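Respectively, the protein sequence lines represent chains A and B.
Okay, so the first sequence: first residue is 176 according to the working numbering, each after it adds one.
Okay, so the second sequence: first residue is 424 according to the working numbering, each after it adds one.
If you are wondering where the hints come from, they were derived from the structure by calculation, not from laboratory data.
Since the model is a prediction, treat every value here as computed from it, not as a measurement.
Careful, some of the hints might be misleading.
[Stated by the list, open to error] Example chain B residues on the side facing chain A (calculated, C-beta under 10 Å, incomplete):
{"#": "1", "residue": "Asp-439"}
{"#": "2", "residue": "Ala-535"}
{"#": "3", "residue": "Val-543"}
{"#": "4", "residue": "Arg-549"}
{"#": "5", "residue": "Leu-553"}
{"#": "6", "residue": "Asn-597"}
{"#": "7", "residue": "Pro-598"}
{"#": "8", "residue": "Ala-606"}
{"#": "9", "residue": "Ile-610"}
{"#": "10", "residue": "Leu-618"}
{"#": "11", "residue": "Phe-619"}
{"#": "12", "residue": "Glu-621"}
[As the list claims (entries may be wrong)] Take a look, some chain A residues computed to stay more than 12 Å from chain B by CB distance:
{"#": "13", "residue": "Ala-220"}
{"#": "14", "residue": "Asp-223"}
{"#": "15", "residue": "Asp-282"}
{"#": "16", "residue": "Gln-346"}
{"#": "17", "residue": "Pro-349"}
{"#": "18", "residue": "Lys-439"}
Glycine is no exception: its CB is placed at the ideal position from the N, C-alpha and C atoms.
Each chain, written out:
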Amino acid sequence: MRHIKVCIGALLLASLCLGAYAQTRPDERLFEEAKVLIFDKKWEAAQDKLDNLLDRYPQSLMKEQALFYRAKCLSERTGLEKEAIEAYESYIRDVKASDRNTSLIEDSEISIIDLAYGLSEKGERRFLDAIEGRLGSPNKVIRYYAAFKLSYVKDKTISGRAVPVLRRIIQSEPDAELKDRAKIALLRVDPGALKAIGDERDEQSEAHTRILKIQIFEGGKKKIDINIPWALADLALQAIPDEEKSVMRKKGYDLDRIINELAKTKSSIIEINDADSVIKIWIE
Amino acid sequence: MVSHLKGCPRCRKEVDEMRKVIDAAGLVKGEMEKVIASVDWETLPAKVTDYVFGKTARPHRLTIGERLRLTRPWMVPVYAGLVLGLILGSLATSLILKRHAPSTVADNTFFASPEFIDRVELEMTRRQTLDYLRKSQYLLLDLAQASLRDKGRGMEELASGRAKELLAKKKYLNPQMGNSRMAKAKIICDQIELLFLELSQISDDLTGVEMKRIQGMIEDRRLLLKISLVERELEESEV
Numbered sequence: 176m177r178h179i180k181v182c183i184g185a186l187l188l189a190s191l192c193l194g195a196y197a198q199t200r201p202d203e204r205l206f207e208e209a210k211v212l213i214f215d216k217k218w219e220a221a222q223d224k225l226d227n228l229l230d231r232y233p234q235s236l237m238k239e240q241a242l243f244y245r246a247k248c249l250s251e252r253t254g255l256e257k258e259a260i261e262a263y264e265s266y267i268r269d270v271k272a273s274d275r276n277t278s279l280i281e282d283s284e285i286s287i288i289d290l291a292y293g294l295s296e297k298g299e300r301r302f303l304d305a306i307e308g309r310l311g312s313p314n315k316v317i318r319y320y321a322a323f324k325l326s327y328v329k330d331k332t333i334s335g336r337a338v339p340v341l342r343r344i345i346q347s348e349p350d351a352e353l354k355d356r357a358k359i360a361l362l363r364v365d366p367g368a369l370k371a372i373g374d375e376r377d378e379q380s381e382a383h384t385r386i387l388k389i390q391i392f393e394g395g396k397k398k399i400d401i402n403i404p405w406a407l408a409d410l411a412l413q414a415i416p417d418e419e420k421s422v423m424r425k426k427g428y429d430l431d432r433i434i435n436e437l438a439k440t441k442s443s444i445i446e447i448n449d450a451d452s453v454i455k456i457w458i459e
Numbered sequence: 424m425v426s427h428l429k430g431c432p433r434c435r436k437e438v439d440e441m442r443k444v445i446d447a448a449g450l451v452k453g454e455m456e457k458v459i460a461s462v463d464w465e466t467l468p469a470k471v472t473d474y475v476f477g478k479t480a481r482p483h484r485l486t487i488g489e490r491l492r493l494t495r496p497w498m499v500p501v502y503a504g505l506v507l508g509l510i511l512g513s514l515a516t517s518l519i520l521k522r523h524a525p526s527t528v529a530d531n532t533f534f535a536s537p538e539f540i541d542r543v544e545l546e547m548t549r550r551q552t553l554d555y556l557r558k559s560q561y562l563l564l565d566l567a568q569a570s571l572r573d574k575g576r577g578m579e580e581l582a583s584g585r586a587k588e589l590l591a592k593k594k595y596l597n598p599q600m601g602n603s604r605m606a607k608a609k610i611i612c613d614q615i616e617l618l619f620l621e622l623s624q625i626s627d628d629l630t631g632v633e634m635k636r637i638q639g640m641i642e643d644r645r646l647l648l649k650i651s652l653v654e655r656e657l658e659e660s661e662v
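All chains, full assembly: derive it from the sequences and hints.
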C-alpha cells in the first residue's frame, strides 16, 4: 500500500513538472537551451538554437537578447570575427531604446574592441578605427577599455592616441586599480608622458616622482634595467624573473623586506650579490 | 644627465671643474706626447729632485746633454702633465667613491622593456583576478543559498548591482587572460561572467524558475568548488 502511495505521488509530481514545462513558451524554451549551451561553451550548437528562435519567432520577447547571444557565439568561433562585429553592431543599432540593456550594450562594445584588435593583429589595420573611435565614448568603461587596448598596438603613432585618455585616468580616476593599469599602459606607449604627469604633481608632492630603479647583472652584463614609478614598486619587484627572485630569497630578501628597506632609507641601495649575478635596487 | 644637472648645483659644479681641467689638458696634449716619449723614466725622480731643490748631489752623474734637456724651459709641460694626471686621477676617484647609487647622474625618465611591462601587468591581473573570484564567490554563495522567501527583500536588486560591478571589473582583466598562466582562471571567470550577465538583466522580477535555473547552474557546474581551486592556484603561482 505504501509503495502504491509513493508511486502515485511520483506520478503526480512528474505530471506537474511536465505541465509547467509545457507552459513555458517554445521561444523561451529555445532561449534557455541556448543559454545552457553557451554556458558550456558549445558555441555552434547554441548559435543554431538562437538562429532557430529568430527565424521561427521574429516577434519573440527574447529577440533582443537572442541577437546579443548570437553575436557572442559568432565572436567565440574562429574565423567569424568580422561577422561577429557586424552582429554586435547590428544589435547595438537595432535594439529598441526601451529595451536597451546597459550591460549587454557595454559588453557588445567591449567585444567589438577585442575583435577589432585581433583582426588588426592579423594585418587588417583598418579595424583599429573601431578602437580609436571608442576613445571618445561617453561610457567610461568603453572609453577606458579602448585606451588600454590601443596601448598594445606596436605602432606608436596609433597607440599614442590613447595617451590623453590614459593621462585623464591617472589624474582623475579614483579607482587605484584602474590608475595602475593606466600607468602601465602609459609606460608601454609613452614613458615621457608618465614622467610629465609626475612632474606636474611634483609641484604639490615629491612622493609622486619617486622612481624605483632595478638593475640586474649576470656574468658582468646588464640583464635588466628598469626605471618604474614607485607606485608600481611591489608589482615590479614581483615581476622580477624567477631566477633572480630565488637569489633574493636565498639571501633572506622577500618582497616586504625590500619594500620596507627602500621606503625607510630612501637614498640607499639594496645590493644582492650571488656567484654569477648582482641585483641592485634603489629609489631616486 | 642634462636634466639632472639643471636641478643639481653640486654635480653641476663638479662637472664645470672637470671641464676646466680637461680643457687645460687639451692645450698641452700634443706637446706632452712628444716629451713623454723622450723622458728617461729610470733617472727621472733624481732629476726632478735636483731641478726643484737645486741640490748638487746626484745619484749618478748626468751627461752634459741630459742635463741640458732637463733644465730647458720646454720641459715645464712634462711636469705640468704629471701634476694634471694626479689631479684628474684623484678627481675621478673621489667621484666614484662619492656615489650612493650606481647612476645618480642617470636619466630620470621611466623605462622598462616590453617583456618586463607584460610581466608587471600579468602580476597585476593575477592579483585582480583573485579579488574578482573572491567577490564573485560571495555573490554566488548568496544566490545559491537564496530561497523564495528572500524574494521581494531587495536581494535581486542587490545581486544585480553587484553583478554589474563585477562585470565591469572582469572586462579589464580580459587582455591578460589569454596568457597561459591564466588559462584555468579564464575558464571559470568566463562562466561567472555569463552568469553575471544574466543577473545584470534581472531587476526585481526574478521568478522562482529563473532563480532555480541560476542555482542549478552554480551547483551542477560545481562553480564554488572550482573557484576555490583556482584561487588557491593563483595564490601559489606568483609571477
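At a threshold of 10 Å, is the proposed contact between Leu-553 (chain B) and chain A supported by beta-carbon distances? 12 Å, violated
Are all beta-carbon distances from Gln-346 (chain A) to chain B longer than 12 Å? Fine: 16 Å to the nearest Cβ keeps Gln-346 (chain A) off the interface.
Checking hints one by one. Is Phe-619 (chain B) an interface residue toward chain A, by the C-beta closer than 10 Å rule? 8 Å, holds
Should the interface hint for Pro-598 (chain B) be scored as holding, given a Cβ-Cβ cut-off of 10 Å against chain A? At 7 Å from the nearest chain A Cβ, Pro-598 (chain B) passes the 10 Å test, so the hint holds.
Asp-223 (chain A) clear of chain B by more than 12 Å, beta carbon to beta carbon? The claim holds: Asp-223 (chain A) sits with its nearest Cβ about 18 Å from chain B, beyond 12 Å.
Under the criterion of a CB-CB separation shorter than 10 Å, is Ala-535 (chain B) in contact with chain A as hinted? 4 Å, holds
A closest beta-carbon separation below 10 Å is what the hint needs, so does Glu-621 (chain B) meet it against chain A? Holds, about 7 Å.
Can Ile-610 (chain B) be said to touch chain A, with a Cβ gap under 10 Å? Cβ of Ile-610 (chain B) sits 8 Å from chain A, so the hint holds.
Hint validation: Asp-439 (chain B) versus chain A, beta carbon distance must be below 10 Å. Holds or violated? 23 Å, violated
Could you check if Val-543 (chain B) really has its C-beta closer than 10 Å to a C-beta on chain A? 5 Å, holds
Cβ separation check - Ala-220 (chain A) to all of chain B, threshold 12 Å: Correct as stated: the minimum Cβ-Cβ distance to chain B is 15 Å, above 12 Å.
Looking at Asp-282 (chain A) again, its CB stays over 12 Å from all of chain B? 7 Å, violated
Comparing the model with each earlier hint shows violations of hints 1, 5, 8, 15; every other hint is respected.
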